[in-house]
Amino acid sequence: EVQLVESGGGLVQPGGSLKLSCAASGFTFSGSAMHWVRQASGKGLEWVGRIRSKANSYATGYAASVKGRFTISRDDSKNMAYLQMNSLKTEDTAVYYCTRRTWDDSSGYSDYWGQGTLVTVSS
Amino acid sequence: DIQMTQSPSSVSASVGDRVTITCRASQGISSWLGWYQQKPGKAPKLLIYAASSLQSGVPSRFSGSGSGTDFTLTISSLQPEDFATYYCQQANSFPLTFGGGTKVEIK
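Sequences listed follow chains A and B, in order.
For the first sequence, the residue numbers in this note's numbering are 1443 to 1565.
For the second sequence, the residue numbers in this note's numbering are 5 to 111.
Hints were generated in silico from the structure; no laboratory data involved.
As the structure is a computational prediction, the values presented were derived from the model and not from experiment.
We treat Cβ as the ideally placed atom computed from N, Cα and C, and that holds for glycine.
Keep in mind that the hints are not guaranteed to be accurate.
[To be verified] Below are the DSS-like pairs computed for lysine-lysine, each with C-alpha atoms no more than 27 Å apart in a straight line: (1) B:K46 x A:K1461; (2) A:K1485 x B:K107; (3) B:K43 x B:K111; (4) A:K1485 x A:K1509; (5) B:K46 x A:K1531; (6) B:K111 x B:K46; (7) A:K1485 x B:K111; (8) A:K1461 x B:K49; (9) A:K1485 x A:K1531; (10) B:K107 x B:K49; (11) A:K1509 x A:K1520; (12) A:K1461 x A:K1520; (13) B:K49 x A:K1520; (14) A:K1509 x A:K1531; (15) A:K1485 x B:K49; (16) B:K43 x A:K1485; (17) B:K46 x A:K1485.
[What the hints assert, rightly or not] Have a look at the derived ranges for each label pair, beta carbon to beta carbon: (18) B:S11 x A:L1560: 24 to 34 Å; (19) A:Q1526 x B:G20: 43 to 53 Å; (20) A:A1482 x B:S14: 13 to 23 Å; (21) B:S80 x A:R1511: 43 to 53 Å.
[To be verified] Which chain A residues face chain B? A few, computed with CB under 10 Å, are given here: (22) L1446; (23) V1479; (24) K1485; (25) E1488; (26) T1541; (27) G1558.
Take the sequences, apply the hints, and build the full model.
Put into structure tokens, the structure is as follows:
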């Protein structure tokens, strides 16, 4: 059974940092692209970024709203994906989901999602 | 960036009704479109990929169509468990973008 479990969310002050983790199981993690998607309370879904597999050089990509502040990484030996968030703003407050992509390309789809972890940026 | 526009933003329907949701892309995306269902407090669930392919385990009352810029999600006979918010997402190019969502409510 495919499982994605996010952790690391919490309350952080504006300008602060937080690192989210996504523990994956039940599939060949090393061959999969992983994406992060967020959702502010009562709002729609926003793509945050992605990391491709080793076969695709662990290439990353980000939404303009987080580029330069957020970094996605992975540890295939631990079946883990990470989202390092720096210089956090109040508008980054959201539930963050990690997702597995059906294939490692822009044309893939998120067929499995974690339960989400809440990040609140507030003073 | 490719803008995705969904309509309507909400729809009231009864069990057994046929419901159609539209998604329009600001530029052609071939068939690189997915539909997701989200229930309150839950993660989204993939229903349709590549515009018209049914994800494994999804009931056949869900169907998708379209290509280029105009797409539709149809629920042929609405069931109680289908009351949720539906999102389209283009998978043609980065950044990936979602539509604003369509909330299907009980009439």
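Status of the hints after comparison with the structure:
1. B:K46 x A:K1461: holds (22 Å)
2. A:K1485 x B:K107: holds (12 Å)
3. B:K43 x B:K111: Status holds; Cα separation ~17 Å.
4. A:K1485 x A:K1509: holds (21 Å)
5. B:K46 x A:K1531: Given that 27 Å is the threshold and the Cα spacing comes to 25 Å, the pair holds.
6. B:K111 x B:K46: It holds: about 22 Å lies between the C-alpha atoms, which stays within 27 Å.
7. A:K1485 x B:K111: Since the Cα atoms of A:K1485 and B:K111 sit roughly 23 Å apart, the hinted pair holds (cutoff 27 Å).
8. A:K1461 x B:K49: Distance ~25 Å between A:K1461 and B:K49 Cα, so the pair holds.
9. A:K1485 x A:K1531: Status holds; Cα separation ~17 Å.
10. B:K107 x B:K49: holds (15 Å)
11. A:K1509 x A:K1520: holds (26 Å)
12. A:K1461 x A:K1520: With Cα atoms ~16 Å apart, A:K1461 and A:K1520 stay inside 27 Å; holds.
13. B:K49 x A:K1520: holds (26 Å)
14. A:K1509 x A:K1531: holds (13 Å)
15. A:K1485 x B:K49: holds (17 Å)
16. B:K43 x A:K1485: Holds, at about 13 Å.
17. B:K46 x A:K1485: holds (14 Å)
18. B:S11 x A:L1560: 24 to 34 Å: holds (30 Å)
19. A:Q1526 x B:G20: 43 to 53 Å: holds (48 Å)
20. A:A1482 x B:S14: 13 to 23 Å: holds (18 Å)
21. B:S80 x A:R1511: 43 to 53 Å: holds (44 Å)
22. L1446: Where the cut-off is 10 Å and the nearest Cβ of chain B is about 9 Å from A:L1446, the hint holds.
23. V1479: holds (8 Å)
24. K1485: holds (9 Å)
25. E1488: Where the cut-off is 10 Å and the nearest Cβ of chain B is about 7 Å from A:E1488, the hint holds.
26. T1541: Where the cut-off is 10 Å and the nearest Cβ of chain B is about 8 Å from A:T1541, the hint holds.
27. G1558: holds (6 Å)
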